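The primary structure of each chain is shown beneath.
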Amino acid sequence: MVEEIGRTADGNIIINVGPQHPATHGVLHLVITINGETIIKVEPHLGYIHRSIEKMCESLTYRQFIYVTSRMDYLSSHINNHACALCVENGLQVEVPARAQVIRVLMDELTRIASHELWWGAMAMDLGAFTPFFHAFRERETINDIMEETCGARLTMNYMVPGGVMQDIHPNFQQRVKDFIKLYKSKISEYDELVTGNIIFQNRMKGVGYLSPEDAVSFGVSGPPARGSGVSCDTRKTYPYEIYNQLQFDEILETGGDSFARYMVRIREMNQSIKIIEQLIDNIPEGDFQAKTKAVLKLPKGEFLQKVETARGQFGVYIVSEGGTTPYRIKFRSPGFSNLSALDHMARGSKLGDLVAMMGTLDLVIPDIDR
Amino acid sequence: MIDSWLRATFNATWTMVIEMVIAGVCVIGLFAALGLVLVLMERRVAAWIQIRLGPNRVGPGGMLQSLADTLKLLVKEGMTPDGADKFLFNLAPFIAMMVAMLLMAPIAFAKDFQLWDLNIGVLYISAVSSLMVISILMAGWASNNKYSLMGAMRSGAQIVSYELSAGLSILTVVILSGSLNLNEIILSQSDGWWIFKGHIPVIISFVIFIIAVTAETNRAPFDLAEAESELTAGFHTEYSGMKFALFFLAEYINVFIVCAIGATLFLGGWMPFHIGHWEGFNHVMDYIPSSLWFFGKTFFLIFLIMWFRWTFPRLRIDQLLNLEWKYLLPISMFNILLVTVMAILGWYF
Amino acid sequence: MTNEALKEKILQLSPAVSFEEGGQWLTIIVKPAAWHSLAAQLRNDKALFFNFLFCLTCIDWKTHLTMVYHLESVQFRHNIVIKSKLDAADPSIATVSDIWQTANFHEREVYEMFGVNFINHPDLRLLILPDGWENKRPLLKNFEDPVNMIKL
Chain A
2 MVEEIGRTAD
12 GNIIINVGPQ
22 HPATHGVLHL
32 VITINGETII
42 KVEPHLGYIH
52 RSIEKMCESL
62 TYRQFIYVTS
72 RMDYLSSHIN
82 NHACALCVEN
92 GLQVEVPARA
102 QVIRVLMDEL
112 TRIASHELWW
122 GAMAMDLGAF
132 TPFFHAFRER
142 ETINDIMEET
152 CGARLTMNYM
162 VPGGVMQDIH
172 PNFQQRVKDF
182 IKLYKSKISE
192 YDELVTGNII
202 FQNRMKGVGY
212 LSPEDAVSFG
222 VSGPPARGSG
232 VSCDTRKTYP
242 YEIYNQLQFD
252 EILETGGDSF
262 ARYMVRIREM
272 NQSIKIIEQL
282 IDNIPEGDFQ
292 AKTKAVLKLP
302 KGEFLQKVET
312 ARGQFGVYIV
322 SEGGTTPYRI
332 KFRSPGFSNL
342 SALDHMARGS
352 KLGDLVAMMG
362 TLDLVIPDID
372 R
Chain F
46 MIDSWLRATF
56 NATWTMVIEM
66 VIAGVCVIGL
76 FAALGLVLVL
86 MERRVAAWIQ
96 IRLGPNRVGP
106 GGMLQSLADT
116 LKLLVKEGMT
126 PDGADKFLFN
136 LAPFIAMMVA
146 MLLMAPIAFA
156 KDFQLWDLNI
166 GVLYISAVSS
176 LMVISILMAG
186 WASNNKYSLM
196 GAMRSGAQIV
206 SYELSAGLSI
216 LTVVILSGSL
226 NLNEIILSQS
236 DGWWIFKGHI
246 PVIISFVIFI
256 IAVTAETNRA
266 PFDLAEAESE
276 LTAGFHTEYS
286 GMKFALFFLA
296 EYINVFIVCA
306 IGATLFLGGW
316 MPFHIGHWEG
326 FNHVMDYIPS
336 SLWFFGKTFF
346 LIFLIMWFRW
356 TFPRLRIDQL
366 LNLEWKYLLP
376 ISMFNILLVT
386 VMAILGWYF
Chain S
12 MTNEALKEKI
22 LQLSPAVSFE
32 EGGQWLTIIV
42 KPAAWHSLAA
52 QLRNDKALFF
62 NFLFCLTCID
72 WKTHLTMVYH
82 LESVQFRHNI
92 VIKSKLDAAD
102 PSIATVSDIW
112 QTANFHEREV
122 YEMFGVNFIN
132 HPDLRLLILP
142 DGWENKRPLL
152 KNFEDPVNMI
162 KL
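Chains A, F and S are the protein sequences, given in the same order.
Following this note's numbering, the numbering of the first sequence begins with 2 at its first residue and continues without gaps.
Following this note's numbering, the numbering of the second sequence begins with 46 at its first residue and continues without gaps.
Following this note's numbering, the numbering of the third sequence begins with 12 at its first residue and continues without gaps.
One chain only, chain A, in its complex shape (with noise of 0.2 Å):
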């Protein structure tokens, strides 16, 4: 461990920005090296909501791993579940029906978008304007309704299981998403005339934290943030999963590798994920919601991994089995801690306050960082 205190030889100042930090939203522990405002070297040292998801699951059955997986990413526990219920599926050899596909990716494109929400919001609070954050949980806040009411939860959904989904959406669903994608086309004008379009935002934005795509894709740097250094890298177009490849949708793509082309493509993508709700919605088929599968889950022997796309970058599950009931060693690649280790090579010679813009911008999740 480094030196946590103190100043090193040369006379650098070292501050801990974190784990109890306003900007770190969560337990993240930055250590960084400045010589007055700029930034010499970020080290994250991380683990402070460490639980150990990996070897927990080992002990779980199929069935029960998934639910374990929703306090990962808490912002896109949908598409966690899916991932692993679709990994599950592929060992299964498992056909899903196609009512529960369609639904599936209902609640992925509105996890999406609840959590770019949130994001928006934090982002600019990171920056110092505190309204937006009000402004977005606004409409974010909508969502938790609706998922509340077919899933049951609000954060921590477990409503994806191999086979299918948990149980049928609620009587109301349709209406009230419709209701919702009428409420955000009335309300997403409002973003950018608070956040996007002010100069003090823009000049805090453009030009900061540049990440250039060769280092993008050299440190492993999925979803938004490649994308914004124009690196084609969204999962349901490459390898498209559920019924992606049906439906019409665009890959935000930004060249601008800074902040501001990262925050364009997240409020860019939300648009996308209402044109592929409203796609859906009125077109949710008849029939069954879960397939019949086994009551004790086995997956053949063998190596299993199931590649999303989540609000943060590329999710990965791993599973490898040796034919029992429980995965004999399970991976979950999670985006946020790939995303973070190209924070020190962005950061190197900024200034302090444009450290929280790269953070914003990269959307760290802590739990999803530590697993």
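Note that these hints are calculated values from the structure, not bench results.
Note that the structure is predicted; figures quoted are calculated from it, not measured.
Any given hint might turn out to be false.
Said to hold, decoys possible - Lysine-lysine pairs mimicking BS3-like chemistry, simulated, CA-CA at most 25 Å apart:
1. A/Lys42 x A/Lys352
2. A/Lys56 x S/Lys57
3. S/Lys57 x S/Lys73
4. A/Lys302 x S/Lys147
5. S/Lys73 x S/Lys20
6. A/Lys207 x F/Lys371
7. S/Lys18 x A/Lys302
8. S/Lys18 x A/Lys56
9. A/Lys42 x A/Lys207
10. S/Lys20 x S/Lys42
11. S/Lys18 x S/Lys94
12. A/Lys56 x S/Lys20
13. S/Lys57 x S/Lys42
14. A/Lys352 x F/Lys191
15. S/Lys42 x A/Lys302
16. A/Lys302 x S/Lys96
17. F/Lys371 x A/Lys352
Starting from the structure of chain A, add chains F and S where the hints point.
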């Protein structure tokens, strides 16, 4: 009035002592009342902008919320960190408070209601208000905390820079009215406030003044000294209890004072809204009490500054200094030139 | 590129590798000693161009450890899986953090969780575990923590 009555009753020395006591009690009372009102107002304005309710439990409509908060802060333990320079650490909040109190002296709250009718009131205010930075530097240094120190250094750079623009924009009004006395400046606006009489140059200097004083009082978007998401709480990270409350109170009092000065210089202080020689209209306006005019204008400016805070993101330190040295200062210098020419040629109403 | 084409191409680069059948993607088994040079070739070859290290992890097979690397090419959209069986007594393999920078963090995680020694790693310290957890290797199958672990 009180002065003459006292002089008739007691001898000179006693008069002075009693006057000082009255002034002290008035200032401290005003201080406490203003603090409570402004904190409540800030929270209400914030809630209104952020589509929520704000304090509404304690007392009617949440009126007693800030009183309850003060009570809480009073009974909290005021901790002094081990590594801190104890004397300076404890002194800093009182200096902040004293500076704010001193600034109260020359302000005219209503017609003929002024603690100290100083003939160099404007100069006094610019001089004393720059003492504020000492308390912040002291707090930052004595806390022995890197966040505090960085906040203090930022604040030092910021206040010293923006002092220039604020001073220059005040100077435009001084040039036009030809006096440093606050009362005379107010009286010179009896046929219209300077912001209307002085055309565009005064409007420019008014805008610069508002920007500069927002920065000088460390309010968002210039709250780099506190910069919650970067420096946790900046220079007052280590403060708790009543010492923190003093800083907090001093901030709000400073906001009130700079807004009061802004109202005095540009919006006529307690002077009612007069238009040139429309005697009838001016007469009607005079029926509204002068204190109402003063507080109305001041609170309007305070609202403006709160509005900024809840709308804008924070600037970065280099952008902040760029804004001052590359934009505001050259503009205000050119503006001064313009106003001087205008004053000489009499191009104002 | 299809799996067959990839297989041919990789055999040209390094004839010493063997292949494992039956996975989703082409699975290559490589000796730890040969891994670093193969990795550099995979990354830099114009036709393969595996520039994205999706994930790297380790599996404890009780008798030995196996390193698993998932590589992807962002340009060509092909994937391979690399496996390398490590010596049980002294699990060590060359680092690839000079080829894919993301490996830096992932290798530190594997180091503290499995005790794999990454040769030439620039900064092989604990990343997630707190001080005092050196050489405890919590993700190994034989790890027992009487305080924090609950047996189901």
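Against the structure, the hints come out as follows:
1. A/Lys42 x A/Lys352: holds (11 Å)
2. A/Lys56 x S/Lys57: Roughly 39 Å between the alpha carbons, so the hint for A/Lys56 and S/Lys57 is violated.
3. S/Lys57 x S/Lys73: Violated - the C-alpha atoms of S/Lys73 and S/Lys57 are around 38 Å apart, more than 25 Å.
4. A/Lys302 x S/Lys147: Not OK: A/Lys302 and S/Lys147 at ~29 Å, beyond 25 Å, violated.
5. S/Lys73 x S/Lys20: violated (33 Å)
6. A/Lys207 x F/Lys371: holds (20 Å)
7. S/Lys18 x A/Lys302: Given that 25 Å is the threshold and the Cα spacing comes to 24 Å, the pair holds.
8. S/Lys18 x A/Lys56: Given that 25 Å is the threshold and the Cα spacing comes to 34 Å, the pair is violated.
9. A/Lys42 x A/Lys207: Cα-Cα ~21 Å, so holds.
10. S/Lys20 x S/Lys42: holds (18 Å)
11. S/Lys18 x S/Lys94: holds (15 Å)
12. A/Lys56 x S/Lys20: At roughly 37 Å apart (the allowed maximum being 25 Å), S/Lys20 and A/Lys56 break the hint.
13. S/Lys57 x S/Lys42: holds (24 Å)
14. A/Lys352 x F/Lys191: With Cα atoms ~16 Å apart, A/Lys352 and F/Lys191 stay inside 25 Å; holds.
15. S/Lys42 x A/Lys302: Status holds; Cα separation ~24 Å.
16. A/Lys302 x S/Lys96: Satisfied, since the Cα-Cα distance of roughly 19 Å is no more than 25 Å.
17. F/Lys371 x A/Lys352: Given that 25 Å is the threshold and the Cα spacing comes to 20 Å, the pair holds.
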